[in-house]
Structure formats: structure tokens, C-alpha cells
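Asker: Residue-level listing of the chains:
Number of protein chains: 2
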Amino acid sequence: MLQNLINSLPEWTKASGEADDVAISSRIRLARNLKGIPFPNKANDQQLTKVVETIENAVSRQSDLMIPIKIENLSANQRLIMVEKHLCSPQFIEKPHYRMLVINKEQTISLMVNEEDHLRIQTISPGFNLENALNQANHVDDFLEETLDYSFDETCGFLTSCPTNVGTGIRASVMLHLPGLAMVDQIKQVLSALTQLGINIRGLYGEGTESLGNIYQISNQVTLGHSEEELANNLTSVCRQVIEQERSVRKALMKDSRLQLEDRLCRSYGLLTQARLMNTQEALKLLSDVKLGIDLGIIPEAARVNVKELLFLIRTSILQHIYGKEMNQFERDYHRAMTIREKLASV
Amino acid sequence: MLQNLINSLPEWTKASGEADDVAISSRIRLARNLKGIPFPNKANDQQLTKVVETIENAVSRQSDLMIPIKIENLSANQRLIMVEKHLCSPQFIEKPHYRMLVINKEQTISLMVNEEDHLRIQTISPGFNLENALNQANHVDDFLEETLDYSFDETCGFLTSCPTNVGTGIRASVMLHLPGLAMVDQIKQVLSALTQLGINIRGLYGEGTESLGNIYQISNQVTLGHSEEELANNLTSVCRQVIEQERSVRKALMKDSRLQLEDRLCRSYGLLTQARLMNTQEALKLLSDVKLGIDLGIIPEAARVNVKELLFLIRTSILQHIYGKEMNQFERDYHRAMTIREKLASV
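So the protein sequences, as listed, match chains A and B. Residue numbering for the first sequence follows our numbering, beginning at 22 and increasing consecutively. Residue numbering for the second sequence follows our numbering, beginning at 22 and increasing consecutively.
No wet-lab data here; the hints were simulated from the structure. Accuracy of the hints is not assured; some may be wrong.
Copies of one chain are not kept apart here, so a pair can be met inside one copy or by any two copies together.
Claimed, not checked - Only pairs whose alpha carbons sit at most 30 Å apart, straight line, appear in this in silico DSSO-like list of lysine-lysine:
1. LYS306 <-> LYS364
2. LYS276 <-> LYS346
3. LYS56 <-> LYS364
4. LYS126 <-> LYS91
5. LYS364 <-> LYS63
6. LYS209 <-> LYS306
Using the sequences provided together with the hints, build the complete structure.
Answerer: Below, the structure written as C-alpha cells:
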């Protein structure tokens, strides 16, 4: 079961969704803590063990759907796979002890146990669909609440380790692919305007990570004083605007400099189909171009599924897993280029 | 007949020849002048006309083989085609009056009438084969001498407009493709050593032109005091050394950094198959890489003929001829990229 989970990509990476010319995925994360036990950074070993056991019990009622995984039991590379499939945060695997990840078969739901909070529920939907992700998260939350006793304050709402999460404990985020705005150098301007609206912008793997391949995580900053629905709706309307801006830039590029655009995107495709060595950064940049080319009808639609998969397959941990060995950078670059060529040759 | 000549590429561009992993073509040029008529730069209109008529008469005995073309009768683009197919020098078409070009059907022999000298006989053979080119040139020379009276001095030999050509009037040159030496930064060193041996290095279109696509014309400088055969043999032995140096660099690259080399050459192939806009310089650079890839067995042999043709088809004049119109740079870049894609797609 664990092997199956590790071998396959999350369903949302392959499925299509609303506005997926720009939106890659929509994610909801709820922060929850158990009553009467200190937050993980203050808890001792027994208390952390207690948290793991309590949550393991709670999910065991649906053991056919939810698979608990002790991080300690994973190899270093398997841990990295979890991060690179966005099933947990990079911070989560840094200290593996007393930490557990619970994942559903489709890898659209994951629970991080004993990260910053006792419990973080995360759901991911393909494309632009926070509503669906929120419904799923609420469903899991309700199910767990049947047996778990959450730390909750009548005035403040859910109590969380970090004050920015207090209240609903919700963080909604949408992963957007913004190559058009990047191409016309408007990306910084747009993103800094969002920051002033209380919106957070992050790179591919969340807080403190770099934006690669023109992919940005747009998320809400304030969780106190609003309902889950309000927060999700607010982010939805902000993202809708960004999506429209990206689309209008793309339209203008197609109108004013179509050939130059085609040239750039097709060249990227040419490099991907032929290179023998490629690092992650270049691969993401070129795949970003090719995804844009598909979205604009410049590159055949048939390539879409493979390009979406490649956005994950090229990552270090997954490559090492596929080829069954630890690799140095040169070997990774070699196998990455090979994986890309094979995947695109089958289009 | 003229249309056929213009529509087709010289035979040597398609044929294979000795050492054609490095040597593209071997060329012999003989400078001759008619007795009793001043050199072209000193001659008046009647005298220039006389030269044209005399030579036209001489070749008319083989009118089925040799086609005389008055430069005045060619369009600007047709003139450029003659230069870009290496049938005459760039200087030759600058002043079209009283100038005639005589070409055989295979476009391996051409006579320039009233360039720097009254007559320049040029023969080109594919690959590394100065002997064959010299035999052809001598054959044409003998044939013409049956009816022409050359300006010849018992002590000095053939008299020519420029003193560097006095004597045999021969210039032998070999076009070499030296991407390996360029890649390891040895090209300047090798070429400057040749200069000290009395060897001339020029770019793609002869004197004063730039080297593009790592293609160099290597030719002899001294013509006085040696026989035609001595001069050709001397250049042959120099070129043989350069060819061996290039081959040994290629071998070392294949041994020490094969993957990096494959990566570079295949990326160039990828760009050629996908770009939508491409200027001549980039096209020559990438085609140079691809030719090297074919020579090293990295890129399929099947592409060889098309790549060799493309080295010519991408040139401005030929592109304009194929598409039947004068084009600005953007249009040329567009049609150049299209021509390349179509030609490579048929491989």
C-alpha cells in the first residue's frame, strides 16, 4: 500500500479542473490541536506519542481509505517524495520523530501530525476550485471531530501554535502558473499589489521557497475574525482577478507578437525533446513554456497530460525513486533529461 | 537553363568526398589574363567588352556544357545567389557591367570574366580533394588555351593584376569545418600557426568575411616559384594535419565528455526542429553542431544530406528565391526557420 502511494502521483496532478490554463491546484489547510496537550514545540515525547496514537485511532475507523505513515519508517528519499508531491511541508520531514502522515489513496487528502500543530488537514483539488477543497477539508474535519477533542476557544476559535492561524485555522492557497505576467515583466507589480491586500505569495514548496517555472502559491494571511467560507471566497475573488490579468496578457501577446511567442515556446519544446542533461530549474522553466504553449493552442493538446506529470517526475526524489538509486547531480541531470525525452516521445 | 542553374544547388554541396567529416570542399582557382589588353581595372569599356566577347567565343565551342551569364542580366537577388553558392566572389557582383560568369551544369566549374583578372577559372570538388579540383581546372585551362592567348612571361609565369597571384596564378583552398577545435578553444592557436606557414585563413565567403558555423577557408598565399602541383600538395599536407588535429580533438571530447557533447549537439538539433524565427548566424551555428553530431554518430546519418543542403538553403538570396519575394529580416527569419523545420521533418 505504501509502495503504491509512493509510486503514483497525486490524482490532482493529472486531472483537469476549472481555469486550469492558469490555475494548477487549489489547497485548503486546517490547523487543529488536541485539548489538554501542549503544542508540539512544547510537548514532551510522551505527549507527542499520545497525539500520534490518538489521531491514528481516529483515522483507523476508515482504515481502508486513510493510510497512516510514520515518518521515521520512511527512507530519506521517500520523505522527500512526500514533500515534492506536496503531501507535507519541507519542515515536516526535518525532524522525523513522533511525526505521522496520513494520506488517502488518491493523495488529495493528507494529515500532518505533530508539525507546528498537532494536526494539519490538507486537501488539494485540481485547477481553480477552493470550494471543493474546502468541502473535502470540512468533511475530514467533521469526521475526525467525532472522536477527537479539539482545542477551541469560544472567543478566539481554534487555538493554534502560531498566532497567525488562530481562529478558523484555515489557510487557503491556489497554485497559479503566471508565465504571461512574467514575460511582460508585470509579475512583481501584480504580486506586490496582492501583498498589500493581505495576500501571501510563495514559491513552489511554500514558505521561504523560490518560485520556479513561473508557479506561485497565492494564499490568505488573516484567519482571525472571518468564517472559513469568507476567507476562501476572498481568496477566490483575488485569484480570479489574477487569472484574468494573466489571460489578458496572454491574449495581448498572441495578438501583438504571436510569432516571437511561438518561437520561444516551441524552442523550449525542442530543447526538452533533445537535451541529454538538464537540471530541475531549467526543466521547470521549459515545461512552464510548454504548458503555456499547450494552453494557447501552439503546442498540441495531446502533450498536456504528459507535461503535467513531468512537472513532478523531474523532481529529485521522484527521479531517484524511479531509477532506484541515490544519484549525484550529474546523474540526476542525465536521468531527468531521459525521463523528459521518453515522456514527450510517447506523445 | 538559367532558371535550372538558379534553382538547383551545386553538385558538390550534396556529394560526399574524402574526409568529409571535416573537409566540406576543395577549390582551385586559376588567374589568367589575355595578351595585349590591360588588366580590368585599367581597361576601358571597349577593351572589357572585347574580353567578354573573346571568352564567350572560346566557351561557345562547348555551349552544351558551359553556360555564359551576363551579370547585368541578373536581378540583384540572382547575383547574390551566385555569391552564396560560391560561384563567384562578393566583389564580382558589386560592379555588374562588362562582367560575365560562365558555369557548367553541375556548378562545379565557374569562370569569372573581368573580375580582378580577365579570367578566373574556379573548380570545386566535394570533401578533401584538391587533386581532382586541380585536374578539372587544368582541363578547363587547356581547353581555353586552345583559342585564347594568355598573358605569360617566360621568367615570371602568368601575369596577373595582383602581384600575389603572379606565377602559376593558382590559389588552392579547402573549406574545413572545425567545431571541435573551436569547442576546446584551440582554433585561434592552430590558425595563427598556419598563418606563419604562409597559409591564409578566411571566412565563409572568402577574403574579409567572417567565419560562420566554424567553417574556415584555408588557402595558399605564395604562387610564385612553385608549380601548381607543388602548391596544391603543400596545402594538402597542411590541411591533412589540421584535419587530424580536429579529429583528435573530437575523439578526446567523445572520450572525456561525451554526454556534455551529446547534450549540446542534440539541443541544437532540437532548436532547429522547433524554432519559428532564426537568423543566418544562429542557423549556421546550430547546423554546424548538427553536422558534427552526424559525423560523430550522435545524430542519425539519415539527416546528413538535408543538413548539407540546409547550409545553403538558409542563405538570404536562396530563401528569397525559393519564396519568390524580397523579404525583410523578420520575414527571412520566419521563412528560414520554416525551411529548416520542413527539411528536418522529412528526415
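Asker: Determine which of the earlier numbered hints do not hold for this structure and return their numbers in increasing order.
Answerer: Hints 3 and 5 not satisfied by this model.
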